[in-house]
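Student: Assemble chain A onto chain D, guided by the hints.
What follows is each chain in one-letter form.
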Amino acid sequence: MTLTVEGRPLDESQLVERARRGDHEAYSELVHAYQGIAFRTAYLIAGGATEAEDAAQEGFVKAWRALGRFRPGAPFKPWLLRIVANEAHNRRRSAGRRARLAFRAAAAEPSGDAAPSPEASVLDSERRTELLAAVNGLPEDQRLVVALRYFAGLSEDEVAETLGIAPGTVKSRTSRALERLREAYD
Amino acid sequence: MTELEQALVALGREVEFPPTPDLAGAVRARIDRRARARRWLVLALAVLVVGIGIAMAVPDARSAILRFFHVGSVKVERVDTLPAAREAPLTAGLGTPRTRAEAERRAGFRMILPKFKGAPPSRYYALNGLIATVIRSGSTPLLLTELRGDQAWLGKKIVDPQTKVEGVSVGSHGGLFLSGGRHVLMYQISPSDVGQLFPRFAGNVLLWTARDRTFRLEGEVSRDEALRLGRLITG
Chain D
1052 MTLTVEGRPL DESQLVERAR RGDHEAYSEL VHAYQGIAFR TAYLIAGGAT
1102 EAEDAAQEGF VKAWRALGRF RPGAPFKPWL LRIVANEAHN RRRSAGRRAR
1152 LAFRAAAAEP SGDAAPSPEA SVLDSERRTE LLAAVNGLPE DQRLVVALRY
1202 FAGLSEDEVA ETLGIAPGTV KSRTSRALER LREAYD
Chain A
181 MTELEQALVA LGREVEFPPT PDLAGAVRAR IDRRARARRW LVLALAVLVV
231 GIGIAMAVPD ARSAILRFFH VGSVKVERVD TLPAAREAPL TAGLGTPRTR
281 AEAERRAGFR MILPKFKGAP PSRYYALNGL IATVIRSGST PLLLTELRGD
331 QAWLGKKIVD PQTKVEGVSV GSHGGLFLSG GRHVLMYQIS PSDVGQLFPR
381 FAGNVLLWTA RDRTFRLEGE VSRDEALRLG RLITG
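Going line by line, the protein sequences match chains D and A. Here the first sequence is numbered in our numbering, starting from 1052 and rising by one per residue. Here the second sequence is numbered in our numbering, starting from 181 and rising by one per residue.
Looking at chain D on its own, in the form it has when it is part of the complex (with noise of 0.2 Å):
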């Protein structure tokens, strides 16, 4: 079975490897590829869509310059996700806030028309309400951590890589918010 990862060119490698010789368009492909993720990443962390258009923008040309240090081979996503998430704390820090998440506009009052996904019907309307409280009102790391693994759709081990924290750590902090978030969905 073959799995592929959203938004990842399947020719990452000869991309990154482009790109560390100098290649813009290759670079080019790879920002295209990854500015999604790398803006929702920095928006969790800088709290607002101005600061985190600069961080992840920030990002992307810091890595530009970093590429001669980046290890052939080596995962390029967390390693991206490491540098704009670094702006994004230097951008949050000066800012003095925090995301506070809300739900969509259409996903707010779902129509009751459409057929409710297997996914979303494990979540009524009053719960899911509760539950996005919930995952507000966790502690910083905690709340970032479940953001990342859950909203942004990062593995454990990337989650680590761009908060630049030990695989451990991502486990315990997701843990004890999971704790936390079991009281909401109870």
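The reader is advised that the hints may include incorrect statements.
[Said to hold, decoys possible] Restricting the straight-line Cα-Cα distance to at most 25 Å, the calculated cross-link-like pairs of lysine to aspartate or glutamate (DMTMM-like) are:
hint	chain 1	residue 1	chain 2	residue 2
1	D	1113	D	1062
2	D	1113	D	1074
3	D	1113	D	1068
4	D	1222	D	1177
5	D	1222	D	1237
6	D	1222	A	183
7	D	1113	A	202
8	A	344	A	282
9	D	1113	A	212
10	D	1222	A	185
11	D	1222	D	1207
12	D	1222	D	1181
[What the hints assert, rightly or not] Ranges of calculated distance between the beta carbons of each label pair, as one might list FRET restraints:
hint	chain 1	residue 1	chain 2	residue 2	range
13	A	352	D	1223	49 to 55 Å
14	D	1226	A	349	54 to 60 Å
15	A	213	D	1204	53 to 59 Å
16	A	182	D	1151	22 to 28 Å
17	D	1068	A	186	33 to 39 Å
[Unchecked claim] Interface residues of chain A toward chain D, partial, derived using beta-carbon atoms under 8 Å:
hint	residue
18	184
19	185
20	191
21	192
22	196
23	197
24	198
25	201
26	203
27	210
28	212
29	315
30	317
No wet-lab data here; the hints were simulated from the structure. Since we're looking at a predicted model, the values are computed, not measured. Here a beta-carbon is modelled for each residue, glycine too, at the ideal position from N, C-alpha and C.
Tutor: Structure of chain A alone, referenced to chain D:
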């Protein structure tokens, strides 16, 4: 994955994220600008001496420096009063004419010289790290100088307020074109001997870098013709 974790994944699909801006375009523009700036930096290090050594050796220039042009990291000094200089032949101060082989031995590197129509130049001039020769555009003589990239101390441009300094592209290489007004070219014979200068007024000048070399084309030449010749020389 537990039921709670599945619920969180489902929740994540309903969470509002601002639309992703076009980062790819903005990043591409920035790294392109940076690449151009790096070419300018090489040019600066190779030809336009940003240190103050030479300027400090010329009292008129030292007293009259008004401001710098900043093009990337390149600085071209613009002054209100040019240092003492004289009208002189293109090859003034470059020493004895030599054969190409002799000049390359003296300069310490082989010159990149394209195949021009007609007979190749027969006279070459050399300093350590520099070779020059006279080529022709029609009947107009032009001084083509090639400098090894690391010879940052060899030359300096000091321009008066009327001199136009513009960034240009010579093929894929970055450069500067200086025209109008008067500007002074000075050569320094060695880093430790700043007193031995040969200041003279220069004609229009195209400066550019390619293949770790710096090229300089000087004479009564238009910008377009200089760029055409530049592309012929370094592609």
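Student: Sort out whether residue 1207 of chain D lies within 25 Å of residue 1222 of chain D, counting only the CA atoms.
Tutor: holds, 7 Å
Student: Does the beta carbon distance between residue 352 of chain A and residue 1223 of chain D stay inside 49 to 55 Å, or does it fall outside?
Tutor: Holds, at about 53 Å.
Student: Starting from residue 1113 of chain D, check that the Cα of residue 1062 of chain D is at most 25 Å away, please.
Tutor: holds, 22 Å
Student: A closest beta-carbon separation below 8 Å is what the hint needs, so does residue 191 of chain A meet it against chain D?
Tutor: Holds. Min distance 6 Å.
Student: Using Cβ atoms only, decide whether residue 317 of chain A comes closer than 8 Å to chain D, and label the hint accordingly.
Tutor: Violated, about 34 Å.
Student: Was the hint right that residue 201 of chain A lines chain D, CB cutoff 8 Å?
Tutor: The hint holds - residue 201 of chain A has a Cβ within 8 Å of chain D, the shortest such distance being about 5 Å.
Student: Under the criterion that the straight-line Cα-Cα distance not exceed 25 Å, is the pair residue 1222 of chain D, residue 1177 of chain D satisfied?
Tutor: Since the Cα atoms of residue 1222 of chain D and residue 1177 of chain D sit roughly 28 Å apart, the hinted pair is violated (cutoff 25 Å).
Student: Are residue 184 of chain A and chain D close enough, Cβ to Cβ, to be under 8 Å, as the hint says?
Tutor: Since the shortest Cβ distance to chain D is 5 Å, the answer is holds.
Student: Do the numbers back the hint for residue 192 of chain A, that is, is its least Cβ distance to chain D under 8 Å?
Tutor: holds, 3 Å
Student: Do the numbers back the hint for residue 210 of chain A, that is, is its least Cβ distance to chain D under 8 Å?
Tutor: holds, 5 Å
Student: Would you check the hint for residue 1222 of chain D and residue 183 of chain A, treating anything up to 25 Å between C-alpha atoms as holding?
Tutor: holds, 17 Å
Student: Holds or violated: the hint that residue 197 of chain A contacts chain D, with Cβ atoms closer than 8 Å.
Tutor: holds, 5 Å
The structure fails hints 4, 8, 15, 29, 30 (numbered hints given earlier, in ascending order).
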